[in-house]
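Trainee: Residue-level listing of the chains:
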Amino acid sequence: MIVPMEHLLILATLLFALGLGCVLVRRNLIMILIGVEIMINSAGLVLVGASAFWQQVDGQIMVLILMAITAAEVAIGLALVVYLHQQKKSIDVGIFDEMRG
Amino acid sequence: MDILLILILLLPLAGGVINACFGSRMPQPVPVFIACGAVIGSFLACLGSLTLAAGDGYRLVLFTWLKSGNFQADIGLLYDPLAAIMTLMVTGVASLIHLYAAGYMEDEPDQVRFFALLNLFVFAMLTIVLADNLLLLFLGWEGVGFCSYGLIGFWYRKTENADAGRKAFIVTRIGDLFFAVALLWLFALFGTISIEGINAQVSGLEVTTVTMISLLLLFGACGKSAQVPLMSWLADAMAGPTPVSALIHAATMVTAGVYLLCRMFPLVSLSSTAMAAIALVGIVTALYAATCALAQNEIKRVLAYSTMSQVGYMFLAVGLGSVSAAMFHLLTHAFFKALLFMTAGCLINLAGHENDIRRMGGMRQRSPLVFWLFLAGLLCLAGAPLTSGFFSKDLILATAFAHGDPFHLGLYGLGVMVAGLTSFYCFRLAYLVFAGDFRGDELPHEPSALMLWPLYPLAILGLTAGLLNLPHLFSGGSWLSGWLGRTQDVLHLSISIEYLLIGTAIAVFVLGWLLAALRYRKYSERQPSLVGEFLLNGWRVDDLFDLLLVRPFKKIGRFCSQGVEAGLIEGVLNGAARGCTDLGMRLRGLADGKVSAYLQGLVWGFVLIVGWFLLRALV
Amino acid sequence: MIATLMFYLLGAVALGATVMAIIQRNPVYSVIYLVKSIFSLALIFYLLGAPMIAALQIIVYAGAIMVLFLFVIMMLEVTPTNAATRTAPGWFHWGPVLLLALTLVALTLMLIGLDPVSSEGVPRWHASPRDFGYTLFKEYALAVKIISFQLSFAAVGAFHVGMTERRRARQEDAS
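Chains as they are written, first to last, in the numbering used here: chain A, 1 to 101; chain B, 1 to 619; chain C, 1 to 175.
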């Protein structure tokens, strides 16, 4: 036994909450993307932990898929950031409020 | 032979369609030639194919029109003696009317529309006559209604003409509804709508069902034939051009109801209640219309009411169970009524386009020829001895008398009374129009030759058509009854009773003449009496309908439109819409365009979900 | 025993690095701190018997994704000044988020604590890259294909979105 499962989950929860806070608080578009990365990482941690806990390799494969999806998401997300920066010369989310009701 | 039979129908249709589509692009007389040629061709085809009809008749199925499950409607023709005699009459009279119309409508700029509608009308009427199933018959039935709507309202620029057309259409439509119900009911019962098929199977039916269906058919026939209670449209329909009045309201359309009842006679005759109802409707209409005709001032309205009254006789004949008497009267009536209408058109022209008989008079001097022609028609209508009207009316009355029971004797009495009234108003018309001096101030407008010469064959036919079904008393052979295969309609009364009946008829005729002569030989301006006014307005039936139907309907309509529609429905809808708008205006504050605010909302939802799981784990 | 100690140590490093990444005003520093956090997580993955994932974590995350971030940051010249933090976020802004995060953490921890399974230990276990590869390409072959499609779509999408206006106009002229 390395550690109790609990501790692993607690670590993941804390990381997730940190990422969430980053997404919600920061106004820089890039920082928001970084927050998303942190959250995805914490999810990966839980998956790897679960894989070890039940000694099944499937969890690790989920992490691999997660990474591929993250790569796609980051590619599109950053392209959008570049596009928005071209449009408004800024990457402050506060400026992009065209959908205000 | 088949091709002739098809041509009967196809020629008027082709003529109508060609005129409707290309008529306005052709040089002037061509559409008229097409129209007249089509109908005359149809008449010739009818003559040529007459031998097919003898005996049980001939059935020709062209193709299947509709097919769904066990429902099948063919475009099929049933050419039996009844249809043959009717086809011959319709095409013959229509040919003469077309020729007359060619003269009458000479100066009309919109001729093409007129002739296209006229041809289509003939086609629709022939569809009724020749249809071998009820659905095809119904198609013709509706086609006739539509064409008569277009023709009555032909001069639609005047509102009352268009209204008259609409009235005719709507009132007959009420009857059509009942006919349609009867049709569907018959299909539900027998699984077929073929006329022959239905008539072959009716004997197994319950009497109540037969009565109900017969009454529905009767009501449908009432609409087309202008019988009580759906009679009010006919007098107004005189707004149409005179050839239309002659064609629709004399010869063909109004007789469609009689024809329908004759067609379905094997069904109808099974229920004595329905037969009594038919006879009753007939005699009531005859009486009603005859009294109305007494007070009319417009020449065509007199004729319209007389038509109603004569069609009432035909219904009476059907109700008495004598198809041949009904068809006999239908034929003779078609001849002399077409003659009367067309001569009336000439008279109106002669009087300088004046409809009102109070402003006519002295027309005999203006045109002796028209006088004799009109008189021939009037004599037939009044039932002067040895004219066709005399024989056909007498046959109906004699049939009523021959039944012998009090109900039918009552019908006979009323019938005789109507005959007297008919004679009276005929001679009233004759005296007012022809006697004395001309009271109007218009110059005559000579009718063209084309308007006159179709009248001769009709006058001859009107005077001599009695030969078609001459009773034994006059050493005739009752040919029509034999041709229709209804020898049971031939009466076998004792000679003395026959003489008595004929004597009564002649006496009534003479009485009506004398009274009319007494009253109208010298024209005098009369203050309209209360009774006269009542009769002039057709017993105020229109007002009664207005009071009973139109006004409550309008009230309901107003209630629905203002109360239910504007108040309730729109109120609720507008309220709902306003509520949604208000809510939306309040909610739009939430959408502030800030991404993090949206995400916070998302996460709060997530928190709720986690809280729910926690709750489940705890409890 | 050493593994256990290592886990707690690495966990602390990961948390600390993440916190630092979040509170940096300069995104470049953020990314560097995040790389540190990712390295620690990769080591934790190794401890948990997933050497393959640990390697991929470093190669893909630190090597590719984070470098991509850096590229974009530098391309856009995002500096603390023009990162457009118009006003520094105050408590009014932080407060609800903090409350939210704390609630979420509290609830989740309670949920974890309630589950008896979670108190069991994670056993020592090792998934060899060979096992990993077998499972991936046998049982998850379809998923691999779908993910490849997903990646190519993303590449096309990014290419399209990233096109400059001028180039877009030129392409439309050409077509």
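It cannot be assumed that every hint is accurate.
To be verified - Each computed DSS-like pair below joins lysine-lysine, with the alpha-carbon atoms no more than 30 Å apart:
(1) B:K554 with B:K158
(2) A:K89 with B:K158
(3) B:K158 with B:K555
(4) B:K594 with A:K88
The hints are simulated quantities; they were obtained by calculation from the structure and are not laboratory data.
Trainee: Please list, smallest to largest, the hint numbers that this structure does not respect.
Mentor: 2
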